[in-house]
Structure formats: structure tokens, C-alpha cells
Amino acid sequence: MAHIHVVNGTYYFHGHIVPGWQSVKKTFDTAEELETYIKQSDLEYEEQKQLTLF
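Those letters in the sequence shown? Residues 1 to 54, by UniProt numbering.
No lab work stands behind these hints, which were simulated from the structure alone. You can take every hint at face value.
Simulated crosslink set (SDA-like; lysine to any residue; CA at most 25 Å straight-line):
hint, residue 1, residue 2
1, LYS39, HIS16
2, LYS25, GLU47
3, LYS25, GLY15
4, LYS39, ASP29
5, LYS39, TYR12
No experiment lies behind these values; they were computed from the predicted model shown.
Based on the provided sequences and hints, a complete structural model is requested.
What follows is the structure in C-alpha cells.
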């Protein structure tokens, strides 16, 4: 499992929980670079599940 943060136009991709992904940390300057990495790594997006605070 991994997720992406976008901060000031920089894309931060990092893994969590699942062995093999815990140490994965990558930074991309553009959305295109991130998409290329995702495709080359045979990854895919899941539906976003996000909590909202009221």
C-alpha cells in the first residue's frame, strides 16, 4: 500500500504497512513523472478513501 502527497507542486510517493513497500519513498517534480513510474511499476490506483472532519 502506498499513497501520494502533493506539496507545492512536488509529488511525494511513499509506502506503508505492506512488507516491501515500507521503505519506498520517491519524489517526482511533475504528474507525468509520477504517472510514468506508476505504469512502469505495474501499479494501479484504488478508489480514494478519505475522512472528512466537520
